[in-house]
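Number of protein chains: 4
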Amino acid sequence: MIAFFKPNTSTFQIAEMQLHLKQIGFESYQIQKLGLCMIPNLKNPASLESFNFIESIKQIDTPYQLASLEFKKETNFSVKDVQIGTNFANIIAGPCSVESEEQIFETAAFLHKNNIKFIRGGAYKPRTSPYSFRGLGKDGLKLLAEAAKKYELRIVTELMDLSLLDEVAAYSDIIQIGSRNMANFYMLSELGKINKPILLKRGMQAKVNEWLLAADYVMSGGNEEIILCERGIRSFDPASRNVMDVAVIPLIQSLSHLPIIADPSHGTGDAFLVPTLAKASMVAGANGLMIEIHPNPSKALSDARQALSFDAFEALLADLETLKPAINKPIDATYSVAI
Amino acid sequence: MIAFFKPNTSTFQIAEMQLHLKQIGFESYQIQKLGLCMIPNLKNPASLESFNFIESIKQIDTPYQLASLEFKKETNFSVKDVQIGTNFANIIAGPCSVESEEQIFETAAFLHKNNIKFIRGGAYKPRTSPYSFRGLGKDGLKLLAEAAKKYELRIVTELMDLSLLDEVAAYSDIIQIGSRNMANFYMLSELGKINKPILLKRGMQAKVNEWLLAADYVMSGGNEEIILCERGIRSFDPASRNVMDVAVIPLIQSLSHLPIIADPSHGTGDAFLVPTLAKASMVAGANGLMIEIHPNPSKALSDARQALSFDAFEALLADLETLKPAINKPIDATYSVAI
Amino acid sequence: MIAFFKPNTSTFQIAEMQLHLKQIGFESYQIQKLGLCMIPNLKNPASLESFNFIESIKQIDTPYQLASLEFKKETNFSVKDVQIGTNFANIIAGPCSVESEEQIFETAAFLHKNNIKFIRGGAYKPRTSPYSFRGLGKDGLKLLAEAAKKYELRIVTELMDLSLLDEVAAYSDIIQIGSRNMANFYMLSELGKINKPILLKRGMQAKVNEWLLAADYVMSGGNEEIILCERGIRSFDPASRNVMDVAVIPLIQSLSHLPIIADPSHGTGDAFLVPTLAKASMVAGANGLMIEIHPNPSKALSDARQALSFDAFEALLADLETLKPAINKPIDATYSVAI
Amino acid sequence: MIAFFKPNTSTFQIAEMQLHLKQIGFESYQIQKLGLCMIPNLKNPASLESFNFIESIKQIDTPYQLASLEFKKETNFSVKDVQIGTNFANIIAGPCSVESEEQIFETAAFLHKNNIKFIRGGAYKPRTSPYSFRGLGKDGLKLLAEAAKKYELRIVTELMDLSLLDEVAAYSDIIQIGSRNMANFYMLSELGKINKPILLKRGMQAKVNEWLLAADYVMSGGNEEIILCERGIRSFDPASRNVMDVAVIPLIQSLSHLPIIADPSHGTGDAFLVPTLAKASMVAGANGLMIEIHPNPSKALSDARQALSFDAFEALLADLETLKPAINKPIDATYSVAI
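Protein chains in written order, with my numbering: chain A, 1 to 339; chain B, 1 to 339; chain C, 1 to 339; chain D, 1 to 339.
Calculated directly from the structure, the hints in this document are not laboratory data. Treat each hint with caution, since some may be false.
[Said to hold, decoys possible] EDC-like, lysine to aspartate or glutamate: derived pairs with alpha carbons at most 16 Å apart:
1. K138/D to D166/D
2. K324/C to E321/D
3. K150/D to E210/D
4. K324/B to E321/A
5. K324/B to D319/A
6. K324/D to D319/C
7. K113/A to D270/A
8. K324/C to D319/D
9. K324/A to E321/B
10. K149/C to E106/C
11. K324/D to E106/C
12. K149/A to E106/A
13. K324/A to D319/B
14. K150/B to E102/B
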């Protein structure tokens, strides 16, 4: 059960209520920023009747609460004047890793030319092997920031460890949480306390419930600007790197107010499949795409197999144009259509 | 390796070659209808040099041979004047089970009105529990045949066991092999010997290699009219009945000449997800759709949760119209557009 | 709900009850051989009160009914004087496929020498590729029968298709249903009508519920002599052929009265892992083992990688001796210990 | 390829070699503590011939290098005088979470009485929901330390985030990395730099290759004291919380020199299955067990369903006694037998 407080409820009043709840056996969690208190196991609202500073109560039956469609109907916010959210569609593109000044500036210029507003790029890379390229670190972040500044792009980059939070937050506009960190609950809690949108990738074997609970971790700290990102799940067939769960897009939309985008690069693991799954995801209702591109894919230091060339990416953008009547959402600037 | 024979090669000549191969340690499999001989483990063509009735040889490196894109480039055929195949897209719709005369005639009339050419309907149903409705059996087949005749529809129905083959073949235009029978190798071999197209669903945990080998089972008997059908794979998340592997559609098209259609009804298990995944599958390149519909879904005796109402199905057809520029294949009659 | 009838209840009385149930909206399934009637959706026993030929009723809450521990407490039966069942442990061994007279007689003699009572061997083989050795067919069954007769062994062999039922039943003592046929419901129903024990392997991705429902299919036809067999499930890691679900052994024993044996040969797919998993399975409470052995594993025509040599199998038998205090069930003849 | 240096090789010499390698296109990674240099992509040893300070080279063909059996044959070390490793078996037990002084002292006393040397207990708990008990934090660590001191136990506790490393390291003897952090590569790298043994749980969907690469992350930092721990993998069947991959125990032993223990508490998720799988794991060759116990399981604040009562745990210890002839390794103090 969630209890929403009237505007001027005092800390003292809430503490009194929490004490009362504890005495009758119920844990409660105050979320100051949202002006509410979560009481997970309470089912009977009678216990709250005497507290007249409660404006309303809501009973939500799913394990996740704040991420649910019962909690609110939509999530929209803007990042440096670009609208993101349930009612929009945005394209994020860029290399897997920032590799060099030349590579990142060339990419940024290309995105700018194509009117894309968001650049992605990894500075600290999660690699399965310690003997693979692990990113340029802080130097990578700096290059990304310079290129983004020159070409008026917003930055999406991954946070690998909390110890890097200040650094990554300083250089990014949206903080990406990778699939391996989706269940890093300690990190999620900390992200609730900051003022940056979070792009929360689905764990490679995360159930929908678990994913939305991960969003609750962030939201219960007070940060409501979350974008979910489907990036493929692990299956039994080595024929593809992952299985892109396209149906999870409309499924999430039936359960949550959070926007959800698709990452067909990781979702398929193969450049030749990326454009097709990008289009399928948009038709399935995704609020955007995250696509790996590279000026010279065969030379990429990581994920070479799944990066699109610039030409292939432009062909995809052209294809998306023909899909607009079916997509029904404004896609970035040049691609915008009225709803 | 595959050895293709010149037109008038005699049985005796082939037998002689096979004997020679056996003596040097290689099994071979003659496929008379296709005028060829498969020699799976032979890598060096020199052993065949002396047989001058061999027109050409082909080395195919995948475990599946006849289903591969190296074997041929496309598969198109017609079923009672309707074109099916790699270059086309067709819609098959109908109830999970044939339940009554009224239900099946009402459905057939509805399909006819919407210019759909194929009706599906189960007479013998694979049910997880022996205490569920298992279909009307032969009576169901008869009703299906009468309704199809009246409304000029082609019939797709499932073969559950070889002992029913004559019966099912007599009443159907395309024989459906369900996901549980995809690895029923004895059945697949027998299906190679008949003259009916086979709709071969993917096993719920079949790897792509295994699926294409199942097609090879049928083709190696001489039957080349096969349609593959993706119907969702089993995953770790009980949030949905299956995970629809949309990416397998372009993946199969990069490996095989066989047409592939999508069954979003089983693929998602939920009526509210079906239209979205139907559209996503078509945009992903599917050669058609197989959709469960019912005049009154909530009363369906099987798979009630995933059947579309007539209204929902018509809405899907309208949506598919807006996708035509992106689909680029003729879809059935009314929906045909020039390639 | 299950209604059990008094001894002399007439067919007419039962039909009358079934008619009454149908009129009030409940399907019922009479299982004559077991003297009972299954009424899956009936929850309130009041509807049956007026039928005084009902001896007792039982409400079972799992989807599977006859396979449940609520239905009965244990299943024990004998096959040519050897006891099988919940209270026993038996070893079944032999080659994957019957390949030649020499191979099968050598194996049979070896088993006899080691006091093993059951021989396994495939005559019709389910092979993923149509270009693999598919077994000797009827000739294989005959060889198996001759060897078994000479060395006093009982035969376990697989039924691949119902059309082979008479033939396979004639030559075998226990009919094995492979993992691909576990959900072949039409076959399962037919097996309920015969008088042969059924060894029912778990499907490679079958849930426990589905597996026990498959047993219900057989039992609801009247055949109660079923042995379950865990043979590994499919996972995401290509490092092993399958993942042996050892915990399913005690899990099944907490849900069902049916005996369960372990097949570590398919369960692991690697000869070097087989003895270890065989021992682990016995310690986990298995009612026996099914092991692939071969006089010369490297020459085996199928499953060569997982077959134990005779020496390795004898070493396993010796190891099982040291485990007897922990196993607590009689294992075959020489290995018998008092409970 | 790994190049091992002669004892007095200077930093300068190594840097020179690395420069040379870089010039000819090969990245190399010096691991000072182990006196070696890893050159992942180098296959031809000729490039190293001129460097006479190289004592030997080793070509290891698996992606993981330092964790491989080719790198070394066994790993044994001691933790406050108790031997751990490939040649030993140890039992670690305790509650899921430290809940109160009473609970943890009662548990510690019980372990001491039973001659168990290691206590586990979580102070910071990874919980799927933010509205669940998340542990006592530092207070929990302190209680654990006091109880361990009084009862002469070694502490195993989980590190949830690098920011807690100093704190957790100060209070523990072995640092546990949970399944959600197995692929937290940044954390793994940092753990390579400390002097504490690491208990590295398998990710709930980690492939064997990925798990051993995670060990390589730690080892390549110079920390060689790693214990692997199988704790069940995620499957398609909600009938159990996880599937315990018992075969991975001998599989790992065929690939790696690292000891591997089993956690049947998480591996099964059900107290009634824990003792059976504990025994099966030991028979499968595990180097020990990690078991959740609680003075009053039904009152446990986390994982209540899988905790063993003290009685059940003592019964398991008694059962393990009867298995000793089959286990063939010394198990802790009272349970020690000569090899």
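Hints, verified against the model:
Of the pairs offered as hints, the one joining K138/D and D166/D holds, with about 11 Å between alpha carbons and a cut-off of 16 Å not exceeded. At roughly 13 Å between alpha-carbon atoms, K324/C and E321/D fall within 16 Å of each other, so this suggested pair holds. A distance of roughly 39 Å separates the Cα atoms of K150/D and E210/D; the hinted pair therefore is violated under the 16 Å criterion. For the suggested pair K324/B and E321/A, the alpha carbons sit about 13 Å apart, so the restraint of at most 16 Å is met.
Distance hint between K324/B and D319/A is fulfilled; the C-alpha atoms sit about 12 Å from each other, no more than 16 Å. Between K324/D and D319/C the alpha-carbon distance is near 12 Å, which keeps this suggested pair within the 16 Å criterion. Between K113/A and D270/A, the direct Cα distance comes to roughly 25 Å. Violation of the 16 Å bound is thereby established for this hinted pair. Note on K324/C and D319/D: the hinted pairing holds, with a Cα-Cα distance of about 12 Å set against a maximum of 16 Å.
A hinted pair counts as satisfied when its Cα atoms are at most 16 Å apart, and K324/A with E321/B qualifies at roughly 13 Å. As the CA atoms of K149/C and E106/C are separated by approximately 13 Å, the hinted pair is consistent with the 16 Å bound. For a cut-off of 16 Å, the pair hint linking K324/D to E106/C is broken: about 36 Å separates their Cα positions. Restraint check for K149/A and E106/A: satisfied, since their Cα atoms lie roughly 13 Å apart, inside the 16 Å limit.
With a C-alpha separation of about 12 Å, the suggested pair K324/A and D319/B falls inside the 16 Å cut-off, and the hint holds. Note on K150/B and E102/B: the hinted pairing holds, with a Cα-Cα distance of about 13 Å set against a maximum of 16 Å.
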